[in-house]
Amino acid sequence: MPITVSLSVNGRPVTKEVEGRTLLVQLLREHLGLTGTHVGCDTSQCGACVVHVDGKSVKSCTMLAAQAQGASVTTIEGLAAPDGTLHPMQAAFREHHGLQCGFCTPGMVMSAVDLLQHNPSPSETEVREWLEGNICRCTGYHNIVKAVLSCAETMKSGAKAPAAAAE
Amino acid sequence: MTAPLDTAPSGTGIGKAVRRREDQRFLTGRGTYTEDINRPGQLHAYILRSPHAHARINGIDTSAAREAPGVVAIFTGADMAADKVGSLPCGWQIHNKDGTPMAEPPHPPLVTDTVRHVGDQVAVVIAETKNQAKDAAELIQVDYEPLPAVVSTADADAPDQPQVHPNAPNNVCYDWHLGDKAAVDAAFARAAHVTTLDLVNNRLVPNAMEPRAYIGEYEPSTGDYTLYTTSQNPHVIRLLMGAFVLSIPEHKLRVVAPDVGGGFGSKIYHYAEEAIVTWASRKLGRPIKRVAERSESFLSDAHGRDHVTRAELALDKDGRFLGLRVATKANMGAYLSTFAPAIPTYLYGTLLAGQYATPAIYVEVKALFTHTVPVDAYRGAGRPEACYLLERIVDVAARETGIDRAELRRRNLIRPEQMPYATPVALTYDSGNFPRILERALELADYKGFAARKAESARRGKLRGLGLCSYIEACGIAPSNVAGALGARAGLYESAEVRFHPTGSVTVFTGTHSHGQSHETTFAQIVAEKLGVPIENVDIVHGDTAKVPMGMGTYGSRSLPVGGSAIVKAVDKVVAKARKIAAHMMEAAEADIEFKDGRFSVAGTDKSVGIADVALTAYVPHNYPLEELEPGLDEKAFYDPKNFTFPNGTQISEVEIDPETGVVEIASFIAVDDFGRIVNPMVVEGQVHGGVVQGIGQALYENCVYDPESGQLVTGSFMDYCMPRADDVPSFTVQTDETSPCTHNPLGVKGCGEAGAIGGSACIMNAVVDALSEHGIRHIDMPATPNRVWQAIQAARVPVAAE
Amino acid sequence: MYAFDIHRPETLGEAARLLSGNEDAKLMAGGQTLIPTLKQRLAQPSDLIDLGQVGDLKGIREEAGGLTIGAMTTHATVQFAPLVKRVIPSLADLAGHIGDAQVRNRGTLGGSIVNNDPAADYPGAVLALGATVRTNKRQIAGDSFFTGMFETALDPGEIVTAVHFPRPDSGRYMKFRNPASRYAIVGVYVAKTGGAVRVAVTGAAACAFRWTAAEQALTRSFTADALESLTVDPSDLNSDLHASAEYRAHLVKVMAKRAVAGMM
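Chains as they are written, first to last, in numbering that gives the first Met the number 0: chain A, 0 to 166; chain B, 0 to 802; chain C, 0 to 263.
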């Protein structure tokens, strides 16, 4: 039986009728056209699909759209400021070459943003441990870790809160 | 030497750490991967795959599935055969020792009567939605008659084994050799010491993060087909699928490879699904989309490596290498993937000299069919296997002869004054200073201080080991005529087109494909510098056969050495023509025209004109030598390499092993690489990091395992196939050495995409075995998982009974 | 995934009513195991009852000196809660080692113990801390809750509402994780309350269990050395690609010793 799901995505209210078995990532990609969120596995391991639900990073391939009823969801498309200014984490990934093919990148960035919400000054070990749920096959993680550490420094010196722009 | 990134000089030219132009779209979720594309009216395909490793199909009943909601069509191998769809072709023919060609069994996109591996394609269900297609597939009744299967590389050619193909007796695809057997036998006869080592190069699953995806589309009014595909080389797919499988001429087949989420070799090949969706799109008159789930990727993406080898090294009393003898069995899987036969031969046997002046080498390779997923190139492709073998046996020889491992290498390295150096296995190295790189690496890693670090680790109850690996690879495979003589069925050149637009911006079309390699940035750096235009005015186009004239794609670290050289050639043609136009504009002799930093000037005068103005003149040819020169400023070039390039380097790692649990931790990893000239040090370092982690993955984590009885893939998901994570690996120290540029291409570049993966696994395993050597352990196979390391320590602790 | 109808009850009573009499209905807590299972088509419920809206299943409170944690409390909440860090820090530490950060943001205590995966972490805590499982019908002693691989003492239609963990004087969970799945190959939770010591082992066998020989040895002498002479019988332990039974048996002892050493 189809169900109706209403939620906020990147600050905008949306209502969609979907099958009960629809995953959040399918709602985002197939119903809302937000294809920045990727699917890289089917066992909840790779983290390419990470988005924020009510400010927390989750794997959108392991959550039903129905479970997002009433929630506020932020995807990679909603991370930059409305004027296009990159979030400091996005800027840090670019500056430190934290991405190559770009496929794991949206999930990696969303996960890293959540880390700094919990821990504004992580050590390299803490960054690496936090990112265990995001698999990257290109970068060897070196520059991703560097980007996250650099972003933490930037955020500490700036006044801006690390939460995503749309949250 | 590259400067550290944060102090990289500003600017956008060659050698600068220019930040990537592709990042803006990837970082904001605006990339366009194949799965992101939706075509009007598209249907969704689901491939029904074999649950058996080997079975005869006595019938397929699709009647119930056809009635399921949303189902539009179901096709089987019989339908494709009725349309005379061809076999998926193999792009390289190897010959046996006796000169006969290899066994080349058919590889139908959908099987007709027999499945030969778990995951083999049995039928395709096409429905309005993905879920409907998958739901309906469960209703297909396939009458399988299970047959015994063989998955083991070591045993596949034993006489009593199940046979994969009727025309490949004892499952032998080919039995190949290279080198002078008599010379090697003579070398062993006079050896002071012979080191023998049996080793396994474990099977890997490439696992690019983006699963393979396809959309086939047919336009009945024109007869034009379009295939959107996650491919590293769209032109190759156009050729292979068009000419050999579906009989579609090139002008009626457009292949688009948009943003592709990593490849590492696994997206080079022409896959069954490409033919299926393209063929079916015409049958049904609607676009057909197919996206693999990761569990399907494990069962259908070409795997990598999978060798079983005995190697013997003969040394004289001073530790000089006299001869190397290698016998390898290489697993091809159930069918020949596009380039599979070339990997354990011309990309493996030819690399067995490594960096060493071993005078005599003989290698035999038996390629075997098994009931497993086809095996083909995976990052490094043959060269990591050669490097692993060599660097392991050199370490074992060092231990056996009591010669320090760095010193043993030092004594045997090819010296720079020997360049160009012809190896006994068919390659001629053009450049490289191996001793210099080794010494730099030893210094960077503080080799002399290792004993103290080992003692410190021991105080904490840890076993510390150091791994040394000096690798060489052959990249930018070519020249075409040589490759052709060795069995290649394609050319190995690259094409480029450099198009000045009337108002001075430039579009560059390249036949290589970027799926993480940063071509949009690095190629633009080259063109901007050579033409003297701002990098913002240069765009790189790739991945579309309708836009790019021709291409061989990206693999084998070829993009810069071959594709970049083609771009330089096209740029040179543009400049040559622009020079004529400039001469006309400034009423000077062409010979007097100088070109520098984007301006043509007349020697000895202050007259000059910018190249953008020349471009405008070329397109608005009012004041123009129309009798001698065509209008326009748009030049194409094909570049066929004169030789392989030979990136090389030394990597040194240190590991600490917890003897109580067997856990290996990487304490440090350094690499000093010679990639020739560097275009973008930031990108190069990134390529090395990624390659090294794939090497580490093979050494410590990744292993593709089949059940020997059932032929089922045991490691069929990320739950069991261990991908390296951020917390499994350290940060790295990477340096480059630009003192030995490539001598035969215009950029002096050698390629950097595979280096990390070529040396990485050997480097780590040498460190692991070094750490375990105090328990008397001489070798363990990859991956060195905690379980395996612990068991090796346990076995070593058991006192050996006197014989 | 096969098709199903989804329900999002807001009260426990409504959840129980949806569940009763419908053998093909399934409860969903955080879904971090269930959804992957459904995606692989390894389960085919007709109805999925999502407990996410049932408010009184969430939260952590101090009770009788210990902690009562709602069944729908996420691992991340337990991991980061100052209350947990203060009262039973070893439990916060355990929660922080489940899955990955995103799994911990969705996965729940109740879901973990009800599923009773042999490699799950929380069953170790329930046994080691002598917890009590509370359901919509009764209280079940933790020691009798886990009955076998993926089996628990729950009756059909019974819903776990909370778990009460008594506070130990000290505790430590040592996990040896599967490098691929990040589940426990072996996890050992040692808890000491007064003179009593509990040692729970997860990951090693079909179901989490208490290692009584170790408890006795540690009760006599709470030192890592006290475990030295013990051996673990591998014959009942799991064996797979990642760890043989012998290796697991060995790891049980190593992890137990390290847990004890960490408590000194």
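Keep in mind that the hints were calculated from the coordinates and are not lab data. For each residue, glycine too, the CB sits at the ideal point set by N, CA and C. Treat the hints with caution; some may be incorrect.
Stated by the list, open to error - Beta-carbon label-pair distances, calculated as ranges:
#: 1; chain 1: B; residue 1: Arg-459; chain 2: C; residue 2: Glu-227; range: 35 to 43 Å
#: 2; chain 1: B; residue 1: Arg-38; chain 2: C; residue 2: Ala-42; range: 29 to 37 Å
#: 3; chain 1: C; residue 1: Asp-142; chain 2: A; residue 2: Gly-69; range: 49 to 57 Å
What the hints assert, rightly or not - Some but not every residue of chain A turned toward chain B, in silico, with C-beta under 7 Å:
#: 4; residue: His-30
#: 5; residue: Leu-31
#: 6; residue: Val-52
#: 7; residue: Arg-93
#: 8; residue: Tyr-140
Unchecked claim - Stretch-level coverage of chain B by chain C, calculated; a stretch enters the list once three of its residues show a Cβ under 8 Å from a Cβ in chain C:
#: 9; region: 112-122
#: 10; region: 782-794
Original post:
Are there hints from earlier that the structure breaks, and if so, what are their numbers?
Top reply: Violated hints (numbers, rising): 1, 3, 4, 5, 6, 9; every other hint is consistent with the structure.
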